[in-house]
Amino acid sequence: MSNSVMQNPRLVELLVQRAVDGLNSSERAELKQLLSEEKYVDAGRFEYTAAALLLASDVENHEHEEMPYSLRERLMAQADTVAASMPPSASRQSAAQPRVISIAGRSRSPTAAPAVSAPPAQKSSASRKSSSWGGRAGWFAAAASVLIALAGWWPRLQSGGAAVEAPVASTLEQERQQLLAQQGVMRRTWQTTQDPAASGVTGDVVWDQRTQNGYLRFRGLQANNANEMQYQLWIFDGTRDERYPVDGGVFDVPPGQGEVIIPITAKLQIRNPAMFAVTIEKPGGSVVSSRDRIVVLAPVAAG
Amino acid sequence: MTDSVLARVAQGDARAVHECIDQFGSLIWSIARRLTRTRADAEDAVQEIFTDVWRSAGRFDPNQGSEKVFVATIARRRLIDRMRRAAHQARTESTDDIDSLGWADPGNSAEVCAEASAAARAVMQLRPEQRQVLELGILQGLSHSEIADVLQMPLGTVKTMMRRGLIQVRELMGIQNAASDGVRS
Numbered sequence: 051m052s053n054s055v056m057q058n059p060r061l062v063e064l065l066v067q068r069a070v071d072g073l074n075s076s077e078r079a080e081l082k083q084l085l086s087e088e089k090y091v092d093a094g095r096f097e098y099t100a101a102a103l104l105l106a107s108d109v110e111n112h113e114h115e116e117m118p119y120s121l122r123e124r125l126m127a128q129a130d131t132v133a134a135s136m137p138p139s140a141s142r143q144s145a146a147q148p149r150v151i152s153i154a155g156r157s158r159s160p161t162a163a164p165a166v167s168a169p170p171a172q173k174s175s176a177s178r179k180s181s182s183w184g185g186r187a188g189w190f191a192a193a194a195s196v197l198i199a200l201a202g203w204w205p206r207l208q209s210g211g212a213a214v215e216a217p218v219a220s221t222l223e224q225e226r227q228q229l230l231a232q233q234g235v236m237r238r239t240w241q242t243t244q245d246p247a248a249s250g251v252t253g254d255v256v257w258d259q260r261t262q263n264g265y266l267r268f269r270g271l272q273a274n275n276a277n278e279m280q281y282q283l284w285i286f287d288g289t290r291d292e293r294y295p296v297d298g299g300v301f302d303v304p305p306g307q308g309e310v311i312i313p314i315t316a317k318l319q320i321r322n323p324a325m326f327a328v329t330i331e332k333p334g335g336s337v338v339s340s341r342d343r344i345v346v347l348a349p350v351a352a353g
Numbered sequence: 148m149t150d151s152v153l154a155r156v157a158q159g160d161a162r163a164v165h166e167c168i169d170q171f172g173s174l175i176w177s178i179a180r181r182l183t184r185t186r187a188d189a190e191d192a193v194q195e196i197f198t199d200v201w202r203s204a205g206r207f208d209p210n211q212g213s214e215k216v217f218v219a220t221i222a223r224r225r226l227i228d229r230m231r232r233a234a235h236q237a238r239t240e241s242t243d244d245i246d247s248l249g250w251a252d253p254g255n256s257a258e259v260c261a262e263a264s265a266a267a268r269a270v271m272q273l274r275p276e277q278r279q280v281l282e283l284g285i286l287q288g289l290s291h292s293e294i295a296d297v298l299q300m301p302l303g304t305v306k307t308m309m310r311r312g313l314i315q316v317r318e319l320m321g322i323q324n325a326a327s328d329g330v331r332s
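So the protein sequences, as listed, match chains A and B.
One gets my numbering by counting positions in the first sequence from 1 and adding 50 to each.
One gets my numbering by counting positions in the second sequence from 1 and adding 147 to each.
The hints are simulated quantities; they were obtained by calculation from the structure and are not laboratory data.
Incorrect hints may appear among the rest.
[Said to hold, decoys possible] Per label pair, the in silico range of CB-to-CB distance:
1) G234/A / E276/B: 44 to 54 Å
2) A261/B / S340/A: 48 to 58 Å
3) A187/B / K82/A: 29 to 39 Å
4) Q228/A / L319/B: 40 to 50 Å
5) K89/A / A261/B: 22 to 32 Å
6) A324/A / G303/B: 51 to 61 Å
7) D169/B / G250/A: 30 to 40 Å
8) R232/B / N275/A: 50 to 60 Å
9) L298/B / K89/A: 50 to 60 Å
10) L298/B / E80/A: 23 to 33 Å
[Stated by the list, open to error] Facing chain B, according to a computed beta carbon distance under 8 Å, are these residues of chain A, among others:
11) V66
12) A69
13) G72
14) E116
15) M126
16) Q128
We put the CB at the ideal spot given by N, CA and C, even for glycine.
Using the sequences provided together with the hints, build the complete structure.
Below, the structure written as structure tokens:
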């Protein structure tokens, strides 16, 4: 049987006090005692009403005042700590661990959906090299000069990011195709750089802004020795400082694979994707990429 | 993908922990700026509030109200605690600023959540002196005693007006027994 707090005047008094003034320790203890005596369905009513009234003021109209950037960065670091302390759960597995990468390099079944070909208007790989890399070089160079100083601000990544084996290739391919079939899903083909690992690489990135899911697809990407180096995806978000792309996950390419499909595991919400970039990093990936070896890029605007 | 961000935090989705900052950061910052004296205080408070939000996410019940009000409830409680600890006396804003604060026009609140719109309509139906008590207590963070001083009213009268005002607003909002003690201390 549930009661209303309105039946108990002292309880009402304490709840209003809590909603407006706050409670001292003895009042808090008294409230706790009163609330434990009966099951009340509306013990939060005054605080809730006060919060609604606060929102009814012009607080919401002032939401355009962004919090300071330094505070936001501290919160992100705080969130990293909270996220890292969460107990493992199935629901968390895919979204929570940006360094958990699946490899789909096995032979695809004959029934798997065919790879999507590049649009006819796409430039050749060779011609793309200079324009894409040249256009972005200044961006990366400028960013690199300040990254070291700002390294502490970078959202801390979880340590020990071991790559894990993926489900069978056909599953990932099917998932990718299913995502592609959704309305509003973007697909951008890779533009290669002059990095040796990029030679002959083709493929694309598929990204669904609504669900924040996506897949990378590569053909011809060099296999890596995970003890020496790993690939890492970075997602540039137009609403964030371009010096701080979002970590999209670390991944490996095993030898002898024709095609690999990698699910994207963005660490943060991507509000306005501007570019996807894959770099070569030390094993385990980097908190701050030196950007010495950028393999492929996929500017969203170029799509 | 229809789960609220708080539900996903409660389920252990680490990405949702970060999304909370995107989704509620500006709101919490606005509330903190209003109910603290300095930007430094506000920044400290925002960090505490987010810790509370993440910890309390499992108590959010969409049947009881919106995420926004739930988060605002947590923010207010934390800020009130901080104000009382600091023996809050002054307000961040000047007196002129305080005088200009008020309820939003409920007819011009497309961006405001449903509960806030209902609250804005409800508060306009209160007597002016009652509305003033609520404004001082809820929008400006004054304690009952401070309101009594400002309005030159007996403390008991202020408490009565506050209690009745909140009850009336709630009734006018048309909410029955919603919002149980979801953010229990």
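Supplied distance hint 51 to 61 Å, evaluated on CB atoms of A324/A and G303/B:
Holds, at about 60 Å.
Regarding K89/A and A261/B, is the given constraint of 22 to 32 Å on their beta-carbon distance met?
Holds, since K89/A and A261/B (Cβ atoms, about 27 Å apart) stay within the stated range.
Please test the hint of 48 to 58 Å on the beta carbon pair from A261/B and S340/A.
49 Å, holds
So, as I understand it, the hint says G72/A touches chain B; can you test that by seeing if any CB pair is closer than 8 Å?
4 Å, holds
Should the interface hint for V66/A be scored as holding, given a Cβ-Cβ cut-off of 8 Å against chain B?
5 Å, holds
Within 50 to 60 Å or not, the Cβ separation of L298/B and K89/A?
Violated - the Cβ-Cβ distance for L298/B and K89/A, about 37 Å, lies outside 50 to 60 Å.
Verify the interface restraint on Q128/A: the C-beta must sit less than 8 Å from at least one C-beta of chain B.
6 Å, holds
Hint says 44 to 54 Å; check whether the CB-CB distance for G234/A and E276/B agrees.
53 Å, holds
When the least beta-carbon distance from M126/A to chain B is tested against 8 Å, hint result:
Since the shortest Cβ distance to chain B is 7 Å, the answer is holds.
Could you see if the CB distance from R232/B to N275/A stays within 50 to 60 Å?
56 Å, holds
Is 23 to 33 Å right for how far apart the beta carbons of L298/B and E80/A are?
28 Å, holds
Taking the Cβ atom of A187/B and the Cβ atom of K82/A, is their distance within the range 29 to 39 Å?
32 Å, holds
Checked against the numbered hints above, the structure violates only hint 9.
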